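Going line by line, the protein sequences match chains A and B.
Count along the first sequence from 1, then add 1; that gives the number in the numbering used here.
Count along the second sequence from 1, then add 103; that gives the number in the numbering used here.
By construction, these hints were calculated from the structure, which means they are not laboratory data.
Since we're looking at a predicted model, the values are computed, not measured.
Keep in mind that the hints are not guaranteed to be accurate.
To be verified - Only pairs whose alpha carbons sit at most 25 Å apart, straight line, appear in this in silico SDA-like list of lysine to any residue:
| id | chain 1 | residue 1 | chain 2 | residue 2 |
| --- | --- | --- | --- | --- |
| 1 | A | K186 | A | G59 |
| 2 | A | K174 | B | P141 |
| 3 | B | K134 | A | N129 |
Stated by the list, open to error - Coverage of chain A stretches by chain B, computed from C-beta distances (three or more under 8 Å per stretch; other residues unrestricted):
| id | region |
| --- | --- |
| 4 | 53 to 65 |
| 5 | 84 to 97 |
| 6 | 241 to 251 |
Unchecked claim - If you only want the chain A side, here are some residues facing chain B, beta carbon under 7 Å, derived:
| id | residue |
| --- | --- |
| 7 | E70 |
| 8 | L71 |
| 9 | G73 |
Yeah, the Cβ is synthetic: ideal placement off N, Cα and C, and Gly gets one too.
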Amino acid sequence: MTQQQPSPDQATPTPGQDDVTHFGFRNVPKSQKAGQVAEVFHSVAGKYDLMNDLMSMGVHRLWKRFTIELSGVRPGHRVLDIAGGTGDLTMKFSDLVGPAGKVVLADINASMLQVGRSRLTDRGYAGNIEYVQADAEHLPFPDNSFNAVSIAFGLRNVTDKDQALRDMTRVLKPGGKLMVLEFSKPVNPLLSKAYDLYSFNALPLMGQLIAGDSGSYQYLAESIRMHPDQDTLKGMMEDAGLVNCKYHNMTGGIVALHVGIKP
Amino acid sequence: MLPGPTLLSGITAIVEGALNSALALDPAGRKALLAALPEPVQFSLTNPLAMHLTLQQAGDRVQVGSQPAERPALVLSGRPLAFIALATGDDQVFSLGRIRVTGDTGLAHQFQRALNQLDPDWEAAMAGHIGDVPAHFIGRRLRGAAHWSRQAFRSLSANLEEYIHEESRSLPGRRELEATFTEIDALSLQVERLDARLGQLEDNNPEAPNREKP
Numbered sequence: 002m003t004q005q006q007p008s009p010d011q012a013t014p015t016p017g018q019d020d021v022t023h024f025g026f027r028n029v030p031k032s033q034k035a036g037q038v039a040e041v042f043h044s045v046a047g048k049y050d051l052m053n054d055l056m057s058m059g060v061h062r063l064w065k066r067f068t069i070e071l072s073g074v075r076p077g078h079r080v081l082d083i084a085g086g087t088g089d090l091t092m093k094f095s096d097l098v099g100p101a102g103k104v105v106l107a108d109i110n111a112s113m114l115q116v117g118r119s120r121l122t123d124r125g126y127a128g129n130i131e132y133v134q135a136d137a138e139h140l141p142f143p144d145n146s147f148n149a150v151s152i153a154f155g156l157r158n159v160t161d162k163d164q165a166l167r168d169m170t171r172v173l174k175p176g177g178k179l180m181v182l183e184f185s186k187p188v189n190p191l192l193s194k195a196y197d198l199y200s201f202n203a204l205p206l207m208g209q210l211i212a213g214d215s216g217s218y219q220y221l222a223e224s225i226r227m228h229p230d231q232d233t234l235k236g237m238m239e240d241a242g243l244v245n246c247k248y249h250n251m252t253g254g255i256v257a258l259h260v261g262i263k264p
Numbered sequence: 104m105l106p107g108p109t110l111l112s113g114i115t116a117i118v119e120g121a122l123n124s125a126l127a128l129d130p131a132g133r134k135a136l137l138a139a140l141p142e143p144v145q146f147s148l149t150n151p152l153a154m155h156l157t158l159q160q161a162g163d164r165v166q167v168g169s170q171p172a173e174r175p176a177l178v179l180s181g182r183p184l185a186f187i188a189l190a191t192g193d194d195q196v197f198s199l200g201r202i203r204v205t206g207d208t209g210l211a212h213q214f215q216r217a218l219n220q221l222d223p224d225w226e227a228a229m230a231g232h233i234g235d236v237p238a239h240f241i242g243r244r245l246r247g248a249a250h251w252s253r254q255a256f257r258s259l260s261a262n263l264e265e266y267i268h269e270e271s272r273s274l275p276g277r278r279e280l281e282a283t284f285t286e287i288d289a290l291s292l293q294v295e296r297l298d299a300r301l302g303q304l305e306d307n308n309p310e311a312p313n314r315e316k317p
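Construct the entire structure; sequences and hints are all you get.
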């Protein structure tokens, strides 16, 4: 089954269209994007972990593992896991910070937060984790609150990415580290073609079969193509006030981990 | 060329899983090892396979990483062969400088002690899969084979040493060599004392010409 792929270039908001943003390849009013993204995640929350394992063939665990390795989180640290979803990173951070530290699992979506909270509690993770329903663009935390902030596979769903990066920088302590793990642009053209074929055909089909929702996974594939590439995101992080920004391509650039330090 | 981050993470995930599974079979050893890992311990392998491995406590598990730690308490660096020698029980890699240790030396000793004390109960793990009696039977056989190997290796080493020193006389014996070294040390000490004494006598004699220091 081959699906006609709309051109992302045609859907890119033109200069002057300040009140619209992408929702996949479509343009939607900025005020509606958060609601539409919320509908996607309400729909897939129950099967989120299973779908992640199937879609990435389990490799998402290695991408997250590398993120944890680079975090430099130690006992006693305070960590904010934005768009933490079902809590994969939060679990690891909770082990690292120990009883003297604190991990805040934040997600804008109540369904995802509920699934994450149940999952973590069932696995015995309690005592050093807080759950907060929060918008990444307007984080409800004081300045200089966290040693590390992470956002894994969440930034592309944020309406105003620059504002979100500025707010994440604001809540970091000086010397703190921001880690953005996100789908990116494959560096090899052959891999890129294979990846396109896979994501525009296999993902919606898997979504339909497993989660009963192909539209959400069509959005996933489209939103990945609309997300800034490695160098653009690095520039956005520098504009947000972070220094020593760099990125690590993983699996040929399908995913990139961007890291920046608050001066 | 080193594998990318994804593959490295895969490798460390396998190592971490195996290490923690082994530690689960020795609760006391795991407790001692975790106590020696309050801060990251880093192993830096140099050429021909330049890479890092870090061990860090994460809850009641040991976390293995592939990236250099930001503030390691202890760094052991050397060639891969030196680490293999250390793993087989050769402690001389430190005195010979094949493995360089930087950081908290007290922690290094604690870490080494914890590693030496590790004694996972493999028989219990096997019993979980094949039953107590077969596991005990196989365990006894394996322990016997390991004991025989160690004894055979020691015996072979002793015989070889004896042949080289006593029969072929290719090399002087260890005690003979130690006695010679002791005599050389004593002679060297006596020469130094004599030189110091001569120097003192000349310094006390104002008419003596200036003596050139050795």
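Right, here's what the structure says about each hint:
1. A:K186 x A:G59: It holds: about 20 Å lies between the C-alpha atoms, which stays within 25 Å.
2. A:K174 x B:P141: 23 Å, holds
3. B:K134 x A:N129: Answer holds: K134 (chain B) to N129 (chain A) is near 22 Å, not above 25 Å.
4. 53 to 65: holds (count 4)
5. 84 to 97: holds (count 4)
6. 241 to 251: holds (count 3)
7. E70: Holds: closest Cβ of chain B sits about 4 Å from E70 (chain A), inside 7 Å.
8. L71: Holds - the Cβ of L71 (chain A) comes within 7 Å of chain B, reaching about 6 Å at its closest.
9. G73: Since the shortest Cβ distance to chain B is 4 Å, the answer is holds.
The structure agrees with every numbered hint stated previously.
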